[in-house]
Amino acid sequence: MRRVTVFVVICVMTLFLFPGCSKEKKQKGIEGTWVLFEEYEKDGTRVSSDELKEIGISEKYEIKGTKAVYTCEMKGALKPIEFELDMEVLGENKYRFKMAGKIVFPADEVILDGDLLSYEVGTEEENNYMKMVFKRQ
4 MRRVTVFVVI
14 CVMTLFLFPG
24 CSKEKKQKGI
34 EGTWVLFEEY
44 EKDGTRVSSD
54 ELKEIGISEK
64 YEIKGTKAVY
74 TCEMKGALKP
84 IEFELDMEVL
94 GENKYRFKMA
104 GKIVFPADEV
114 ILDGDLLSYE
124 VGTEEENNYM
134 KMVFKRQ
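For the sequence shown, my numbering begins at 4 and goes up steadily by one.
The set of hints was computed from the structure by calculation and includes no laboratory data. A virtual CB, placed ideally from N, CA and C, is assigned to each residue, including glycine. Warning: the hint list may mix true and false statements.
Simulated crosslink set (EDC-like; lysine to aspartate or glutamate; CA at most 20 angstroms straight-line) [claimed, not checked]:
no., residue 1, residue 2
1, Lys134, Glu57
2, Lys67, Glu95
3, Lys97, Glu76
4, Lys63, Glu76
5, Lys70, Glu128
6, Lys70, Asp111
7, Lys97, Glu123
8, Lys134, Glu123
9, Lys45, Glu34
10, Lys70, Asp118
11, Lys82, Glu65
12, Lys105, Asp116
13, Lys70, Glu127
14, Lys63, Glu129
15, Lys97, Glu112
16, Lys138, Glu44
17, Lys31, Glu127
18, Lys70, Glu95
Pairwise CB distance ranges, derived in the manner of DEER restraints [as the list claims (entries may be wrong)]:
no., residue 1, residue 2, range
19, Thr48, Thr69, 30 to 38 angstroms
20, Met102, Asn131, 17 to 25 angstroms
21, Asp118, Leu81, 31 to 39 angstroms
22, Ile58, Lys82, 27 to 35 angstroms
23, Met133, Gly79, 17 to 25 angstroms
Using the sequences and the hints given, assemble the complete structure.
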């Protein structure tokens, strides 16, 4: 009986001690809902989520499998702009979205970094560069 008790105690202790050792930061992947969190202008100026709300801009991506639905709401627009995108996996947490399977939107490369999704649009030469950062909801 004593052996059984010792064995049970050791098993219970093992259950509580060892799971903590194997916990790693799990990569959640790109699936989910991503909401525009902040923007950075060419000169590095940050536009916060509060400022975006004040301006009246709201953008989001809803990603499932190899499909994404982009939605943009703007102050003054009669209804949201919404369309479906195909997602291409580039590797190393990089992706590309395409409209109708051909037209790259919004940028050539979308980067996943934990709970942040970002991409750069425009060019510095044409003075319309912007870095867009989305946060997992």
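Hints, one by one, checked against the model:
{"no.": "1", "hint": "Lys134 <-> Glu57", "in the structure": "holds, 19 angstroms"}
{"no.": "2", "hint": "Lys67 <-> Glu95", "in the structure": "holds, 19 angstroms"}
{"no.": "3", "hint": "Lys97 <-> Glu76", "in the structure": "violated, 26 angstroms"}
{"no.": "4", "hint": "Lys63 <-> Glu76", "in the structure": "holds, 9 angstroms"}
{"no.": "5", "hint": "Lys70 <-> Glu128", "in the structure": "violated, 32 angstroms"}
{"no.": "6", "hint": "Lys70 <-> Asp111", "in the structure": "holds, 16 angstroms"}
{"no.": "7", "hint": "Lys97 <-> Glu123", "in the structure": "holds, 13 angstroms"}
{"no.": "8", "hint": "Lys134 <-> Glu123", "in the structure": "holds, 4 angstroms"}
{"no.": "9", "hint": "Lys45 <-> Glu34", "in the structure": "violated, 29 angstroms"}
{"no.": "10", "hint": "Lys70 <-> Asp118", "in the structure": "holds, 19 angstroms"}
{"no.": "11", "hint": "Lys82 <-> Glu65", "in the structure": "holds, 18 angstroms"}
{"no.": "12", "hint": "Lys105 <-> Asp116", "in the structure": "violated, 25 angstroms"}
{"no.": "13", "hint": "Lys70 <-> Glu127", "in the structure": "violated, 30 angstroms"}
{"no.": "14", "hint": "Lys63 <-> Glu129", "in the structure": "violated, 26 angstroms"}
{"no.": "15", "hint": "Lys97 <-> Glu112", "in the structure": "holds, 6 angstroms"}
{"no.": "16", "hint": "Lys138 <-> Glu44", "in the structure": "holds, 18 angstroms"}
{"no.": "17", "hint": "Lys31 <-> Glu127", "in the structure": "violated, 33 angstroms"}
{"no.": "18", "hint": "Lys70 <-> Glu95", "in the structure": "holds, 19 angstroms"}
{"no.": "19", "hint": "Thr48 <-> Thr69: 30 to 38 angstroms", "in the structure": "holds, 35 angstroms"}
{"no.": "20", "hint": "Met102 <-> Asn131: 17 to 25 angstroms", "in the structure": "holds, 20 angstroms"}
{"no.": "21", "hint": "Asp118 <-> Leu81: 31 to 39 angstroms", "in the structure": "holds, 32 angstroms"}
{"no.": "22", "hint": "Ile58 <-> Lys82: 27 to 35 angstroms", "in the structure": "violated, 18 angstroms"}
{"no.": "23", "hint": "Met133 <-> Gly79: 17 to 25 angstroms", "in the structure": "holds, 20 angstroms"}
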